[in-house]
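> With the hints as your guide, set chain U onto chain B.
Protein chains: 2
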Amino acid sequence: MTTLQTTLMTPEITVADIPDGSADKRLWQLFNPSTTTSSTEMLVESRISEMIHDFLSTADFSSSIEFKSLVRKFSDSRIPAEPYEVTKYLDRLSDDVVIHSTRTSSPRFIGHMTSALPYFMRSLGKLMAAMNQNLVKIETSKAFSPLERQTLGMIHRLIFNQADEFYDRHLQNRESTLGIITSGGTLANITGLWCARNRTLGPQDGFGGVESEGLAAALEFYGYHGAVIIGSNSMHYSFEKAADVLGIGRQNLIKVRSDRHNRLDVAALRKKIEECRLQKRHVIAVVGVAGATETGAIDPLPEIAEVAREAGTHFHVDAAWAGPLLFSRRYKHQLTGIEQADTVTIDGHKQFYLPMGLGMCIIRNPQLAKSIEKQARYIVRPTSADLGKRALEGSRPSTVLFLHAALHIIGHSGYEILLDEGIRKTRYLADSILSRLEFELLQEPTMNILVYRYLPERYRQLAASGELSDSDNQIINEFNVRLQKSQREAGFSFVSRTMINSTRYRTGKPLVALRTVIANPITTESDIDEVLLDQLEIASRLESKSEF
Amino acid sequence: MTTLQTTLMTPEITVADIPDGSADKRLWQLFNPSTTTSSTEMLVESRISEMIHDFLSTADFSSSIEFKSLVRKFSDSRIPAEPYEVTKYLDRLSDDVVIHSTRTSSPRFIGHMTSALPYFMRSLGKLMAAMNQNLVKIETSKAFSPLERQTLGMIHRLIFNQADEFYDRHLQNRESTLGIITSGGTLANITGLWCARNRTLGPQDGFGGVESEGLAAALEFYGYHGAVIIGSNSMHYSFEKAADVLGIGRQNLIKVRSDRHNRLDVAALRKKIEECRLQKRHVIAVVGVAGATETGAIDPLPEIAEVAREAGTHFHVDAAWAGPLLFSRRYKHQLTGIEQADTVTIDGHKQFYLPMGLGMCIIRNPQLAKSIEKQARYIVRPTSADLGKRALEGSRPSTVLFLHAALHIIGHSGYEILLDEGIRKTRYLADSILSRLEFELLQEPTMNILVYRYLPERYRQLAASGELSDSDNQIINEFNVRLQKSQREAGFSFVSRTMINSTRYRTGKPLVALRTVIANPITTESDIDEVLLDQLEIASRLESKSEF
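Quick note, the sequences are listed as chains B and U, same order.
Numbering follows this note's numbering, with no gaps: position 182 of the first sequence is 209.
Numbering follows this note's numbering, with no gaps: position 504 of the second sequence is 531.
Rather than coming from a laboratory, the hints here were simulated on the basis of the structure.
Mixed in with the good hints there might be a few duds.
No distinction is drawn between identical chains; accordingly, a pair holds when it is met within one copy or between any pair of copies.
[Claimed, not checked] Here are the simulated DSS-like cross-link-like pairs (lysine-lysine), alpha carbons at most 30 Å apart as the crow flies:
1. K282 x K397
2. K397 x K95
3. K100 x K401
4. K401 x K95
5. K401 x K512
Bound conformation, chain B alone (with noise of 0.2 Å):
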């Protein structure tokens, strides 16, 4: 027996007893910093502040190292036997990870969704790392299992807006299911095909259901030949994880034809519900994308909602990135419809300003999440209120915190102007790209999306006139995929890179896109000027130094 065993065990023994320096004492301390002396807690964490506060305060979005030499600080793959001291390893953190980390937060990191987020975010993940609720149960989340019900509902009413009545009777019932918090958009998209699979195969006539008797049962007992979720080929590649581990198979997914707007193809649609009606192929889901990932498009929502009702089939919105605008009076037409969907990702580490980790499945009809609970006998009993019930995922954090702080303090009208501060600034650099020869837009953007790209000196002509060759493009696209690398390791600012399908030019053969996302409230336009100019002088450079 160690000391500390004997000494926790006796209690006229104090902790003060155990000799300083022992392996016990330290544990303890680690588990009780307040019985020895509080100041290796303040240490800690006045270190952290001034970590964060480095990390935030630099300039640039990443250091110069290379990644190849960054790879070879994390090459040993064993548990240190003695521990380190806190301060030993806060070094390490400090050298070694954070001051080469990705500053996602700079004002010049336009390339993906991160932006600076609202500084209360910070304080509030050390409450929940603090109080470490655990949501799967009331037991262990007694005020933030009601606390996620009001949150999901407050989303809830944003996009389908029902009577007092409707939220009176469900927002805290333990029968009804308005939303689903998940850890990211990918589980929202995968919660909402897995209730449309299990509803539109459900019990039946001495059959179980999907859900008791798997895919293939279901599909015989309902005389399906396969089954398949469609939408555009602008949906997100969750849907192909969808797909894939529902066990409906990737292939399955399928993708109808965009118009030149990236937005899907309704006509192609219904075709596509016609064929597949006729092969006697089941058809899960109709999906629409409310921004597209890669150009921010979104698709006609109504006529999708119509032709989806029309062929009694589940209709899905994949909102994670437009779904905020529906807080922007000038906006948010864009999403009408939305309120016909049965089910709705959004993202709260988007457009709702919220660290990573947090995603919600809203539901229409609060019955429809019967279809996926599951049971245990020490938690989440037929009878409980335990909000694990219902969900793809057991024990997971109160993230939900962040959204319903947030929902609070910024607001429905804070959340209005920094939607439409995202949009205006898109535009302006839309508008910076149309006036310049050097860079040509590649589609009109919708939200805060933008893609499109550097056109070589050499090239500028026959892109004007619209009659570059496949060859050409593709030399364009070399030159592009180099811009983009070499603005990324520079470090001062960034975009991110993509390929789209243009219809622009006679092949259609998809183009790489430079593409960025703004939506971080601290990028100025002198910000964007910046981006740009970055990229002039390293296309200049290419250019320079090659056949271009």
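Relative to the frame of chain B, chain U by itself:
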């Protein structure tokens, strides 16, 4: 255009020119507290620190508020049109949420997995929210991606202990996957079985594989009548979710008999596999439970491994609970056989002493996860090192930092002490129960989970001689349900409740059990005594008031 818009976009005007108190200024300050006065952020930080201090130092694990009254505080489903001042929100957070939250770290809250956590986790929680890295891709987690690979390698080594060359080759190799971080154990179990399903029903001879063509087509191609997953009836309910979501069907999750120690009966497993072979039902995986959620029992892993190998099937071990026993020289033999698993689930928020939100699926063969790989055009491109290529989740937070820090600061030797201690204290509780006629130990503990029950006075004789009838047990069951609920409502101490299959009494009907999990380093023997005394007092009140 609002003032903020004008200001931010006009470099010659500074933020100081925006009128104080305007919505724009307010928003700007949320994202830039330091631009005005740093006192705002400090004020919030200090309020939150106070809340944390008060919360962690409250003696009772729960406030006395009734759940029904608490729920009424969260009945408004409208998003505030006008924002709250931060301080007003903090008042509400403190009064309505924090003080009524479950103090999961209380030394007398010994009913679920939660424990006091090392204090540095709180500062790390803040750091993570501040840095807001996104692990889906290198571009938003330059240092954290290799750090995550290193951490997963450490756990892989702990379980599989391969040669140095193995880790030199695979640890940071983008073609290799030694494990996948998930938001919790449920997703880790789903991930392991997803890999199993996709590998065993993979592409072959012109068939695209289950991943591409779906489960019904795969079963048909391979000539199977259905697919199953086999384990014991101690499997966690997440396996029911897995069987459902993967399209296998809950009734095809086959639960074979356990012995009287709640360990899988290997002969029954062998027989069931043979039966499936004859019926041409495809065995996707055999599951070994290492630490049953309800009793802590550990299945005979070496024998199950042998059966799985002979049957040529995937062997998944759910070591969410017991995995960290590998740190203990005294107890790691109980996990012998785990090194033969194909995939292993481990939870960070259980015996790794991390905050909620981190599970892992550790994968023996570095190529296995290719069976679930997905790509996109804007990230996770085929040749990238992006971790999101092989994962169920997409964007996700840097929770791996909690684990990386703990592995260094607690270290191998620290975890050994913590694990041994939890088991020793559980033995203390078991002995206390055995020494009192009022209680009945329902199973000898394997690790730090214990099940027992209270016996009302008139049943003690019958229990001692093993003569309780079904209806006696029914009454005792009801009594223990009431006891657990009353104890929970009183808020002084807490154990959880489940139902277990007992072989002690003739009928074998499930018995209601009181369940403890003793992991908390600050739980002492006197705390354990107090939990039992609390139960004795409550039970005696209940007995005197009723016909028991």
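> Work down the list of hints and note, for each, if the structure agrees.
Tested hints:
{"no.": "1", "hint": "K282 x K397", "result": "both (29 Å within a copy, 24 Å between copies)"}
{"no.": "2", "hint": "K397 x K95", "result": "between (49 Å within a copy, 23 Å between copies)"}
{"no.": "3", "hint": "K100 x K401", "result": "between (44 Å within a copy, 28 Å between copies)"}
{"no.": "4", "hint": "K401 x K95", "result": "between (46 Å within a copy, 24 Å between copies)"}
{"no.": "5", "hint": "K401 x K512", "result": "between (47 Å within a copy, 22 Å between copies)"}
Violated hints are absent here; each numbered hint is respected by the structure.
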